[in-house]
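**Student:** Residue-level listing of the chains:
There are 2 protein chains.
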Amino acid sequence: MAKIAVLGYGTVGSGVAYVLDTNGAQVADSAGEDIELKYILDLRDFPGDKHESIVVHDIDVILNDPEVEVICETMGGIEPAFTFEKKALEAGKSVCTSNKELVAAHGPELVELAKKNNVSYLFEASVGGGIPVLRSMNDSIRHERLDSIRGILNGTTNYILTKMDKEKADFDSVLKVAQEKGYAERNPEADIEGHDACRKTAILASIMSGQFVKHEDIYTEGITKISSEDFEYARSLGRAIKLLGSCERKNGKFFAMVAPFMVGADNPLSTVNGVFNAIDVHGNMLGDVMYYGKGAGKEATASAVVADVIDIVKHRGKHIDWNLRNVPAQVESNENAERQFFVRVDASAKDAALAQFPGAQEVTASGVSGEFAFVTEVISEKAFEEKLTLLGNVKGYIRLL
Amino acid sequence: MAKIAVLGYGTVGSGVAYVLDTNGAQVADSAGEDIELKYILDLRDFPGDKHESIVVHDIDVILNDPEVEVICETMGGIEPAFTFEKKALEAGKSVCTSNKELVAAHGPELVELAKKNNVSYLFEASVGGGIPVLRSMNDSIRHERLDSIRGILNGTTNYILTKMDKEKADFDSVLKVAQEKGYAERNPEADIEGHDACRKTAILASIMSGQFVKHEDIYTEGITKISSEDFEYARSLGRAIKLLGSCERKNGKFFAMVAPFMVGADNPLSTVNGVFNAIDVHGNMLGDVMYYGKGAGKEATASAVVADVIDIVKHRGKHIDWNLRNVPAQVESNENAERQFFVRVDASAKDAALAQFPGAQEVTASGVSGEFAFVTEVISEKAFEEKLTLLGNVKGYIRLL
Numbered sequence: 000m001a002k003i004a005v006l007g008y009g010t011v012g013s014g015v016a017y018v019l020d021t022n023g024a025q026v027a028d029s030a031g032e033d034i035e036l037k038y039i040l041d042l043r044d045f046p047g048d049k050h051e052s053i054v055v056h057d058i059d060v061i062l063n064d065p066e067v068e069v070i071c072e073t074m075g076g077i078e079p080a081f082t083f084e085k086k087a088l089e090a091g092k093s094v095c096t097s098n099k100e101l102v103a104a105h106g107p108e109l110v111e112l113a114k115k116n117n118v119s120y121l122f123e124a125s126v127g128g129g130i131p132v133l134r135s136m137n138d139s140i141r142h143e144r145l146d147s148i149r150g151i152l153n154g155t156t157n158y159i160l161t162k163m164d165k166e167k168a169d170f171d172s173v174l175k176v177a178q179e180k181g182y183a184e185r186n187p188e189a190d191i192e193g194h195d196a197c198r199k200t201a202i203l204a205s206i207m208s209g210q211f212v213k214h215e216d217i218y219t220e221g222i223t224k225i226s227s228e229d230f231e232y233a234r235s236l237g238r239a240i241k242l243l244g245s246c247e248r249k250n251g252k253f254f255a256m257v258a259p260f261m262v263g264a265d266n267p268l269s270t271v272n273g274v275f276n277a278i279d280v281h282g283n284m285l286g287d288v289m290y291y292g293k294g295a296g297k298e299a300t301a302s303a304v305v306a307d308v309i310d311i312v313k314h315r316g317k318h319i320d321w322n323l324r325n326v327p328a329q330v331e332s333n334e335n336a337e338r339q340f341f342v343r344v345d346a347s348a349k350d351a352a353l354a355q356f357p358g359a360q361e362v363t364a365s366g367v368s369g370e371f372a373f374v375t376e377v378i379s380e381k382a383f384e385e386k387l388t389l390l391g392n393v394k395g396y397i398r399l400l
Numbered sequence: 000m001a002k003i004a005v006l007g008y009g010t011v012g013s014g015v016a017y018v019l020d021t022n023g024a025q026v027a028d029s030a031g032e033d034i035e036l037k038y039i040l041d042l043r044d045f046p047g048d049k050h051e052s053i054v055v056h057d058i059d060v061i062l063n064d065p066e067v068e069v070i071c072e073t074m075g076g077i078e079p080a081f082t083f084e085k086k087a088l089e090a091g092k093s094v095c096t097s098n099k100e101l102v103a104a105h106g107p108e109l110v111e112l113a114k115k116n117n118v119s120y121l122f123e124a125s126v127g128g129g130i131p132v133l134r135s136m137n138d139s140i141r142h143e144r145l146d147s148i149r150g151i152l153n154g155t156t157n158y159i160l161t162k163m164d165k166e167k168a169d170f171d172s173v174l175k176v177a178q179e180k181g182y183a184e185r186n187p188e189a190d191i192e193g194h195d196a197c198r199k200t201a202i203l204a205s206i207m208s209g210q211f212v213k214h215e216d217i218y219t220e221g222i223t224k225i226s227s228e229d230f231e232y233a234r235s236l237g238r239a240i241k242l243l244g245s246c247e248r249k250n251g252k253f254f255a256m257v258a259p260f261m262v263g264a265d266n267p268l269s270t271v272n273g274v275f276n277a278i279d280v281h282g283n284m285l286g287d288v289m290y291y292g293k294g295a296g297k298e299a300t301a302s303a304v305v306a307d308v309i310d311i312v313k314h315r316g317k318h319i320d321w322n323l324r325n326v327p328a329q330v331e332s333n334e335n336a337e338r339q340f341f342v343r344v345d346a347s348a349k350d351a352a353l354a355q356f357p358g359a360q361e362v363t364a365s366g367v368s369g370e371f372a373f374v375t376e377v378i379s380e381k382a383f384e385e386k387l388t389l390l391g392n393v394k395g396y397i398r399l400l
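In the order they appear, the protein sequences are chains A and B. FYI, the numbering for the first sequence is 0 to 400, going by the working numbering. FYI, the numbering for the second sequence is 0 to 400, going by the working numbering.
The reader is advised that the hints may include incorrect statements.
Chain copies aren't distinguished; within one or between two, either way the pair holds.
To be verified - Calculated pairs, PhoX-like style, for lysine-lysine (alpha carbon to alpha carbon, straight line, at most 25 Å): (1) 313 - 114; (2) 252 - 2; (3) 37 - 313; (4) 313 - 165.
Please keep in mind that the hints were generated in silico from the structure rather than gathered at the bench.
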C-alpha cells in the first residue's frame with residue numbers, strides 16, 4: 000500500500016482522485032500494490048464531496064506525515080507550488096506534477112533536488128496532457144541521438160486553426176465560438192500568443208538537450224496573424240497550418256522556437272486536427288516516431304499524473320534519472336536558423352519581391368487577388384527579415400516545414 | 000558494464016551491433032553503464048566484419064558464460080529460437096527479442112519462465128518495429144481500462160494500399176512494383192494474407208486481455224480482394240482503406256481480428272501512409288492515444304531491441320512484470336461482432352440487396368457503373384454473412400470503422 004497526497008483540488012487534482020477511484024484495480028495491478036489518496040490540500044472545503052474528509056489546509060500535515068510517499072502537485076502557477084514541491088522533495092517525498100509553468104521555470108533544479116534526496120521528480124502531464132511522451136523519451140528512446148522534436152502542443156490553437164481551415168472562417172469569429180464553447184479561455188492570450196506552447200517546448204528542449212532551456216530564450220509567435228487567405232494558399236500548396244513547438248539540432252547547434260508553420264502533407268503532424276496534440280521525435284536510428292492524443296482534459300491529464308505515481312511506487316527507494324542537468328543550455332539565436340518561407344505582398348510589390356528573392360516560386364490561391372504570394376528558397380531568418388524590411392508592403396509570412 | 004549476446008547476425012542482429020557501435024554514449028547514459036556486445040551466435044562466419052572475432056557457433060558458450068546478462072534473440076522463427084530462449088531464461092539470463100512469430104506462439108509461457116527465474120522477457124521490437132508501444136502500454140497506460148487497440152501493423156500492405164489509393168492502380172501491378180523495389184517479398188503471402196499482422200495482433204491482444212490470445216483464434220483476412228474501385232468508393236465516402244489488427248472489449252466480451260477496414264477521416268489511423276505503422280489505443284480515462292513510426296527496418300527495429308536491453312540492465316536483479324498470464328484467453332467468435340459493412344453487388348441485385356438490407360445507404364463513385372454499392376446499418380457478422388449468401392452476385396465488401 001502506497002499513500003499519496005494531492006495538492007490542489009481543481010480540474011487535474013480532482014481528476015487524479017477520480018482516476019484512482021475508477022481504475023483502482025488497474026492502478027494496483029500496474030503499481031504492484033494499492034495506492035491510497037490520503038490527503039488533498041486545498042484552501043477550500045468541499046462539503047458533500049466524496050473526498051471531503053481528507054481535505055486539509057496545511058501543507059505541513061502532509062509534509063510531516065511519514066506515510067505519504069508521493070505528492071501530486073496539481074495547483075499550477077509558480078508559488079506556492081514551487082515552495083511546496085521543494086519542501087516535499089527535501090522531506091524525502093517524490094513529486095509528480097502537471098504544472099508546466101513551474102517545470103519550465105524550475106524543472107532542472109527540482110530534478111537535481113530530487114536526485115540529492117534519492118527521490119523522483121516526474122512531470123509527464125506537463126507536456127501533451129495525457130500523451131505518454133516524456134516517460135517514453137526517457138525510457139524507450141533516450142539512447143537515440145535526437146535530431147528534432149516538433150509538437151502540436153496546444154489544443155486551443157489547434158482547434159482554432161482546424162476550424163479556420165475546415166470552415167474557411169477567419170480567426171476572430173472562430174476564437175469567439177471557441178470561447179463560447181469553453182475550448183478557449185476568456186483571456187486567450189496564453190494560448191493564442193503561443194506562451195503555453197512555449198512552456199512545453201522549453202520542457203521538451205531541456206530533455207532533448209540535457210540542459211536547462213529557459214522559455215525566455217525561445218522565440219515565440221502566436222497564431223493571431225493567420226488569415227483565412229493563408230489557408231487558401233496552404234490548400235493550394237497541399238499543406239496544413241499548425242502552431243508548432245520546434246527543437247532542432249543542426250550542425251552542432253541547438254535551435255528552439257514556437258511559431259505557425261505550413262506543414263507538408265507527408266508530415267504526420269499535418270493531419271493532427273481539433274483539440275488533439277501530437278509530438279514528433281526524430282532519432283538517428285528510429286527515424287520519426289510520433290505520439291498522439293488528448294493534450295488536455297481532466298481525466299487524460301490526471302491519468303498521466305497517476306502514471307507518474309505508479310512509476311515512483313514501482314521504483315521505491317530509487318531516483319528515477321533524467322538526462323537533464325541544471326546548467327543553462329546554449330540556444331542558438333533564431334536569426335541563424337535556415338528554412339523556406341511563404342510570403343504575401345501587395346501586388347504592387349511583385350517586382351521588388353522577385354528582386355529580393357530571385358528564387359521565389361509564385362503561389363496562387365482560389366479567391367485571393369490583389370497580391371503576390373511566393374515561397375522563398377532556403378534562407379536564414381536574419382537574411383529573410385532584412386529582405387522583408389527592404390521590401391515593404393508585406394501582408395504576412397509563414398515558415399515552411 | 001553489462002555484457003550481452005546477440006543470437007542471429009541477420010538484419011536485426013547486425014542492427015543491434017550497429018546501434019551499440021553508433022550510439023554507445025547515449026546507450027550508456029540511458030542504461031547508467033556501458034553495454035558491451037560480447038558474443039554473436041550464428042551458423043556462419045563473417046570474415047572482414049567488424050565483429051567477426053566475437054562470432055561463435057555454439058549456444059553453450061553464451062549460456063555458460065556468467066558474464067552475459069542479456070540475450071537478444073534476433074533469429075526469427077520458432078526453432079531453435081524457442082529452445083535457446085528457454086535455456087537462456089533458465090540459465091538466469093534475461094531475453095529480449097524481435098521474433099514476433101515466437102512471441103505470438105509462446106510469449107506468455109516465456110514471460111512466466113522469466114518470472115520464475117527472476118529475470119525479464121521483453122519483446123518491444125516484435126510489434127510495430129521501432130515504435131515504442133509495448134513498454135508504454137506496460138509502464139504508462141497499464142492503469143487504463145482499454146476498450147480497444149487498433150493498429151496498422153504491416154508496412155508492406157500499408158505501402159500497397161497507399162499506392163493503390165494515390166496512384167489509382169490495381170493490386171497486382173502495385174504488388175509487382177513493391178516486389179521489384181524490395182518493399183514486398185517474392186513470396187508475399189505472409190504480408191498480403193494478413194498472417195504477419197495476425198501475429199502482432201495476437202501479441203497486442205494478449206497484453207490487452209492479460210491472457211494468452213492464440214493467433215489461430217484470430218479471424219484474419221488479407222488485402223488481395225481490394226480493388227481500385229473500392230478506393231473510388233472510399234474516396235466518395237471520405238474514408239481510407241487500411242489493413243487493421245483490431246482488439247476490442249465490448250459488453251464484457253473480447254474480440255480480435257485482422258481485416259481491411261474503411262476508416263473514417265476523423266480517425267488518425269486513416270492518415271498513416273506508406274510503410275509506416277501506427278497503433279491506436281483507447282483507454283477509459285485517456286481516450287485515444289496513437290503511437291506512430293517505422294514498423295520495420297534494420298536500425299529502427301534494432302533500436303527497439305536495444306531499448307529492451309537498457310530496460311533490463313536498469314532493472315538488474317528484478318523481473319519486469321507484464322500483466323500477462325499463461326492461461327488461454329476467451330476470444331469471442333467474430334460472428335458476434337457488430338458493425339457496418341460497405342458492400343458492392345451487381346446492378347441486377349439492387350432490389351434483392353435493398354430487401355435484405357432495408358437500411359442500406361447507397362454509395363456512388365466516379366467511373367464505376369453496372370453495380371449497386373451501399374453501406375449497411377450496424378449488424379452482426381453472422382447475420383451479414385447469412386444475408387450475403389442469400390443475396391448472391393456480391394462483388395465484394397469491406398468493414399467500416
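**Student:** Provide an ascending list of the numbers of those earlier hints which the structure does not satisfy.
**Tutor:** The structure breaks hints 2 and 4; every other hint is satisfied.
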